[in-house]
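Protein chains in written order, with the working numbering: chain E, 4 to 100; chain V, 68 to 538.
Among the hints, erroneous ones may be present.
[As the list claims (entries may be wrong)] From the structure, some residues in chain V lie toward chain E, with a derived Cβ separation under 8 Å: (1) Ala105; (2) Gly140; (3) Phe304; (4) Ser320.
[Claimed, not checked] Reference listing, derived: stretches of chain E covered by chain V, where coverage requires no fewer than 3 residues with Cβ under 8 Å from a Cβ of chain V: (5) 28-41; (6) 47-57; (7) 78-84.
[Said to hold, decoys possible] So the derived label-pair ranges between C-beta atoms look like this: (8) E:Phe7 <-> V:Lys99: 18 to 26 Å; (9) E:Tyr16 <-> V:Asn253: 29 to 37 Å; (10) V:Ile442 <-> E:Leu5: 20 to 28 Å; (11) V:Gly124 <-> E:Gly30: 38 to 46 Å; (12) V:Val244 <-> E:Pro33: 42 to 50 Å; (13) V:Gly252 <-> E:Ile8: 17 to 25 Å; (14) E:Ile12 <-> V:Val244: 25 to 33 Å; (15) V:Lys525 <-> E:Ile19: 53 to 61 Å; (16) V:Asp186 <-> E:Phe7: 31 to 39 Å.
In case anyone wonders, no lab produced these hints; they're calculated from the structure.
Glycine included, every Cβ here is placed at the ideal spot set by N, Cα and C.
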Amino acid sequence: MLTFITQHIEMFYLIILMIFVGIELIGHVPSVLHTPLMSGANAIHGVVIIGSIIVMGQAEHVASLILGFLAVVLGTLNVVGGFVVTDRMLEMFKKKK
Amino acid sequence: MENQILQIIYLIASVTFIAGLKFLGNPATARKGNLMAAFGMVIAIFGTIFLYTTETGAHLHNLGFIFAALAVGTIVGWIVAKKVQMTAMPEMVSLFNGMGGACAMLISIIEFKHLAEIDLSTVAAGHLLTIVLGLIIGSVSFAGSIIAWGKLSGNVKDKSLGMQQLINIGLLLVILVLSGVMILGNTAYTVELFYAVFALSLIYGVLFVLPIGGADMPVVISLLNSFTGVAAACGGFLYDNKVMLVGGILVGSAGTLLTIVMCKAMNRSLVNVLIGNFGGGATGEAMGSANFDGTIKEVTASDAAILMKYAKKVIIVPGYGLAVAQAQHIVHDLELLLEAEGIDVKYAIHPVAGRMPGHMNVLLAESNVSYDKLIEMEEVNPEFATTDVVLVVGANDVVNPAAKTDPNSPIYGMPILDVENAANVIVNKRSMKAGYAGIENELFYKPKTSMLFGDAKKALTQLVSEIKALG
Chain E
4 MLTFITQHIE MFYLIILMIF VGIELIGHVP SVLHTPLMSG ANAIHGVVII GSIIVMGQAE
64 HVASLILGFL AVVLGTLNVV GGFVVTDRML EMFKKKK
Chain V
68 MENQILQIIY LIASVTFIAG LKFLGNPATA RKGNLMAAFG MVIAIFGTIF LYTTETGAHL
128 HNLGFIFAAL AVGTIVGWIV AKKVQMTAMP EMVSLFNGMG GACAMLISII EFKHLAEIDL
188 STVAAGHLLT IVLGLIIGSV SFAGSIIAWG KLSGNVKDKS LGMQQLINIG LLLVILVLSG
248 VMILGNTAYT VELFYAVFAL SLIYGVLFVL PIGGADMPVV ISLLNSFTGV AAACGGFLYD
308 NKVMLVGGIL VGSAGTLLTI VMCKAMNRSL VNVLIGNFGG GATGEAMGSA NFDGTIKEVT
368 ASDAAILMKY AKKVIIVPGY GLAVAQAQHI VHDLELLLEA EGIDVKYAIH PVAGRMPGHM
428 NVLLAESNVS YDKLIEMEEV NPEFATTDVV LVVGANDVVN PAAKTDPNSP IYGMPILDVE
488 NAANVIVNKR SMKAGYAGIE NELFYKPKTS MLFGDAKKAL TQLVSEIKAL G
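Construct the complete structure from the given sequences, taking the supplied hints into account.
Here it is as structure tokens:
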């Protein structure tokens, strides 16, 4: 276990730092923006698609290929749907005059 | 070389995620922030497709399939996201979140299948742990999001088995024990255990969300959103991929905090939301029809019109009823009409009005209501005392005085809009049916309250034409 941690020590540093960055970023956001913010964050975790592309790009068997295809489709839905929905919400926040 | 370029691309993408999230926290820059993060995502995706090399230096293959999958996802996602009604936005977010969870879940399954074909006994426990974590969290997020989506769209009802909390905790323990045995036990049943954990995680996701009341769905969606973030980070750990790790943990941490902030806005703790069984049918029926003093007083559109036309100050309290009836445009017409008469018109926005925080702001912004007219609860509450008419449109629980007066009420302690301090309260509702929390509202029985029954759009249209008729 120790070797596993030291092998990935950079990743552990990143995790700790990102936890604090995430908390700092959301600290004082007006409640008006909670929905778009949640939606935007939703789109960002669509980054999981990178993993599905890597998996699929190395798939050898039909089963893996099918599952991988599904994973990429779902990941894309998360990314595209997430960003487009967020943009539609924010489009409406334009200052009127 | 290619790998180095890819690392730089990942670095840029990570920065766009952080900066994008920062910009999303301010109304003036929010849209830019979203586009920025989207740009980072696009370069990370294409960078991966063309530049990623495995340990042996091989490029990714199956590119045709990858592009086909990207095309399918993009077209479907785009169309669905463009077509969805603004009112259905919360369930849409939940659905997309579920897709991300499912993606993480599938990655874990494929990776595990791959390892199982080689030799599982040589795989490091930490590696296996990452795969299983991604599987569990991804599956829970996927199943939970689908249930949350079903609840918000009205297809799934609140349900609670007896001793639901015990069952859930027990199930979670079983999942953890099985995972532990699978990772450390070195048994001959690793594959079977893996699929058992998978199945139980899906069941857990369903049972986790099923008993939580519909009114608390935004909090649950926000929580599941951060779950998916963590699941994505597991994938990042698995492939030593920093952009996945940054994006995932960022959302996991920001999402958790956002969940807590949303709970605070409702003056409830997260634990209370998760086990409170808020808004279940049982409470509503137990409370039964009202036993409050006073009677319901109905008002016609023309009387309401007179009341409003001769007011000096009117505050409109929008709720989910307004959203359902698509009455956001007509309410803006009403606002303009009253302002033309020299009346001071404002909107009082409760933090959880509608089905999500900020839901009302989005809807009213859609119909061109200027956002400086939307006043948040703390700011607007002292103003009700000097207000002549409050018009409540399809809101219920957020103006229920029971939150302050009745310690037995499930919403007790939730901050509300103090509309009863105004001289007159006109409540537009479709019927006397209880609100989302399933409880009666004493406000409707107060002497200064009058009820304007009917669909919000129809009732307001009538109100507008009556005010116009007054000349």
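Results for each hint:
1. Ala105: At about 4 Å, which falls below the 8 Å cut-off, the nearest Cβ of chain E leaves the hint on Ala105 (chain V) intact, so it holds.
2. Gly140: 2 Å, holds
3. Phe304: This interface hint holds because 6 Å falls under the 8 Å limit.
4. Ser320: 3 Å, holds
5. 28-41: holds (count 14)
6. 47-57: holds (count 11)
7. 78-84: holds (count 7)
8. E:Phe7 <-> V:Lys99: 18 to 26 Å: Hint violated: Cβ distance 40 Å, outside 18 to 26 Å.
9. E:Tyr16 <-> V:Asn253: 29 to 37 Å: Holds, since Tyr16 (chain E) and Asn253 (chain V) (Cβ atoms, about 31 Å apart) stay within the stated range.
10. V:Ile442 <-> E:Leu5: 20 to 28 Å: 56 Å, violated
11. V:Gly124 <-> E:Gly30: 38 to 46 Å: With Cβ atoms ~44 Å apart, the hint holds.
12. V:Val244 <-> E:Pro33: 42 to 50 Å: 44 Å, holds
13. V:Gly252 <-> E:Ile8: 17 to 25 Å: The hinted range 17 to 25 Å holds for Gly252 (chain V) and Ile8 (chain E), with Cβ atoms some 21 Å apart.
14. E:Ile12 <-> V:Val244: 25 to 33 Å: 29 Å, holds
15. V:Lys525 <-> E:Ile19: 53 to 61 Å: 56 Å, holds
16. V:Asp186 <-> E:Phe7: 31 to 39 Å: 18 Å, violated
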